[in-house]
Amino acid sequence: MSTSNEPDVARRYAAKSWATRLRNHPAGPVFVVTSVLLAGCILAGLLFGGDFNFLSSPNTSLVLRAIPNFGLIALGVGLLMIAGEFDLSVGSVYVVAPFAMIFAYVVGVPWLLAIALAFAIAILVGLMNGVITLHFGVPSFITTLGTMFIVRAAAPFIVGYKRSLVFKAPPGWKEVMTGKTFEVPNQFWFFLLFSLLAYLLLSRHKIGNHFIAVGGDARAARFAGINVIRTKLLAFVTCSVFATIAGIFQIMRSGKAETNPQLFIELYAVAICVIGGVSLFGGRGTIIGIMLGAAMLQLVQDAIILARLPGFYLDMFVGMMIVVGVVLNQAIKKRY
Amino acid sequence: MVELSTAAAPTATSKAATPLFEARGISKSYGHVEALIDVNFEVRKNEVVGLLGDNGAGKSTLIKMLSGVVQPDKGKFFRDGVEVDISTRQKSESAGIQTIYQDIALVRSMSIMRNIFAGREPTNSLGFLKMREMRNTAMGILDEYVRIAGINSPDILVEQLSGGQAQAVAIARAVHFKRDILLLDEPTSALSVRETEKVLNIIRDLAESGVSCVFVTHNLYHAFRVCDRFAILAHGQNVQSTLKSDTSLNELTDIIMKH
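Taken in order, these protein sequences are the chains called A and B. Counting from 1, one number per residue, gives the positions in the first sequence under the numbering used here. Counting from 1, one number per residue, gives the positions in the second sequence under the numbering used here.
Honestly, I wouldn't trust all of these hints.
[To be verified] Quick list of simulated restraints, FRET-style, between CB atoms:
id, chain 1, residue 1, chain 2, residue 2, range
1, A, 173, B, 125, 31 to 41 Å
2, A, 135, B, 74, 20 to 30 Å
3, A, 56, B, 177, 39 to 49 Å
4, B, 139, A, 135, 39 to 49 Å
5, B, 74, A, 137, 20 to 30 Å
6, B, 94, A, 230, 15 to 25 Å
7, A, 171, B, 94, 48 to 58 Å
8, A, 230, B, 74, 27 to 37 Å
9, B, 139, A, 24, 19 to 29 Å
[Unchecked claim] Footprint (simulated), chain A over chain B, 3 or more residues, beta carbon under 8 Å:
id, segment
10, 118–124
11, 128–140
12, 207–218
[Said to hold, decoys possible] Residues of chain A placed beyond 12 Å of chain B at every Cβ, according to the derived structure:
id, residue
13, 163
14, 186
15, 307
16, 309
17, 324
The hints are simulated quantities; they were obtained by calculation from the structure and are not laboratory data. For each residue, glycine too, the CB sits at the ideal point set by N, CA and C.
Sequences and hints are given; from them, build the entire structure.
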């Protein structure tokens with residue numbers, strides 16, 4: 001058999017047009033849809049002016065602040081899904097960890113220590129999810145369904161329901177975390193930063209390779225010498241940590257911590273991931289896809305609000321996108 | 001015919017040097033199914049030993065033990081006459097063993113490059129992958145071992161490969177990271193004729209270059225072509241160990257049929 005003929009190989013490999021490469025990239029479809037959506041919104045904003053205020057400064061700020069809220073959670077959920085597991089308790093951690101942080105802060109714990117407490121809770125919940133799932137062999141979907149309820153009840157258990165704690169962060173913190181830089185809300189810049197970190201972890205780090213391996217084929221990963229349990233535990237913790245980060249940004253923005261859980265936030269996060277091309281079966285997914293999925297979700301929500309359509313249109317849309325996303329997942333699997 | 005005495009001490013086989021690797025008194029049960037009963041097995045330097053036997057003989061179980069994936073209920077392992085612990089994949093690798101599994105054991109959703117380095121990624125001090133090194137090495141491996149039309153990039157996902165191509169990648173991976181012993185569990189079962197020839201040649205070349213191979217196969221023709229010695233199992237027990245020079249293909253077939 002002849003050795004690879006360099007010009008031949010280069011031509012054969014570069015033969016795919018950009019359209020084909022886009023179609024084949026896991027985040028290709030969501031990129032196209034989001035771009036079209038964005039273009040549509042901009043166009044409508046230009047054409048209808050006051051009736052569809054997409055381009056106004058308050059609206060763009062709103063959207064750019066909202067994308068990181070779900071997007072940060074989705075990053076964590078997505079990394080865990082790529083590693084082959086689920087976490088439905090993120091919505092509860094998103095509420096409870098920051099609440100505990102503020103609770104400690106208002107009773108006198110130093111700010112930084114309070115932040116450390118929030119992350120300690122995140123790590124604890126992540127480990128709990130991981131240990132129960134891996135040690136007892138319970139599907140993570142079920143485990144975290146349980147921990148979701150347990151964690152959700154923890155804060156009200158201690159301080160009672162419908163408690164909200166108003167607080168004032170130490171000087172500078174609110175401005176840095178919720179101000180604007182170059183007209184863009186800082187939350188969005190931080191989202192880009194965390195997305196970059198997530199990308200570096202997943203695609204450029206050894207741990208990321210292990211995530212993909214254990215999610216794609218845990219048995220093959222084990223035979224290759226990867227410590228499957230340690231890798232998955234790390235993924236569970238990462239997921240809870242991202243949810244905590246999202247929660248902290250949220251309370252900084254609103255100035256108060258609450259014990260009411262925000263409904264369905266975990267399902268929105270999964271929806272974003274599925275829309276963004278993360279496979280429900282593990283081993284497949286990209287950070288850019290998750291980012292685009294978060295953007296698309298917020299664009300749709302914003303468009304629905306601006307067009308003054310009833311709110312359930314959004315739920316309908318999210319539901320449809322999940323189903324479409326799963327069907328596409330299956331189609332991709334069958335192709336090979 | 002040479003009968004491998006089950007209770008013999010290593011020094012009893014006076015003309016042979018200490019075996020490179022030895023498994024002694026291996027037993028394993030899954031529930032009340034006895035997969036292996038007091039089995040002895042050895043691998044000598046520069047040899048290709050065929051591990052033969054019909055289905056259910058225990059060959060795969062023995063291989064999995066040697067690669068650290070399964071633990072025996074009873075028995076010991078020796079490397080160069082010294083007892084070793086091979087209870088994990090890493091420890092088995094430290095003892096010099098690389099394995100090619102029957103079902104290929106590559107992660108289908110990952111690229112060839114990521115699969116090759118899974119579990120042994122070259123990284124800098126912070127754990128970040130040395131992408132360029134990985135890519136160059138992967139392309140070198142593809143060039144040298146896997147010159148198959150269609151695999152011209154290490155970024156191709158394993159699920160896009162045919163069974164034979166995937167197995168070739170798995171073999172190339174094991175050969176690249178080879179130490180002293182290569183275990184091949186039915187490596188040619190998914191391969192075409194041409195690919196099979198290539199694998200058989202690789203096995204012979206490896207033995208000549210100082211890597212011993214354990215070749216598990218159903219195909220006695222293939223076994224007879226590349227192996228120096230045959231160890232036969234039946235129903236979880238040793239039946240026989242024979243040098244190729246002392247036997248024939250017909251005789252081997254007869255022995256296996258008889259048990």
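Cross-check of the supplied hints:
no., hint, verdict
1, A:173 x B:125: 31 to 41 Å, "holds, 33 Å"
2, A:135 x B:74: 20 to 30 Å, "holds, 27 Å"
3, A:56 x B:177: 39 to 49 Å, "violated, 60 Å"
4, B:139 x A:135: 39 to 49 Å, "holds, 41 Å"
5, B:74 x A:137: 20 to 30 Å, "holds, 27 Å"
6, B:94 x A:230: 15 to 25 Å, "holds, 19 Å"
7, A:171 x B:94: 48 to 58 Å, "holds, 56 Å"
8, A:230 x B:74: 27 to 37 Å, "holds, 29 Å"
9, B:139 x A:24: 19 to 29 Å, "holds, 21 Å"
10, 118–124, "holds (count 5)"
11, 128–140, "holds (count 3)"
12, 207–218, "violated (count 0)"
13, 163, "holds, 42 Å"
14, 186, "holds, 27 Å"
15, 307, "holds, 39 Å"
16, 309, "holds, 38 Å"
17, 324, "holds, 21 Å"
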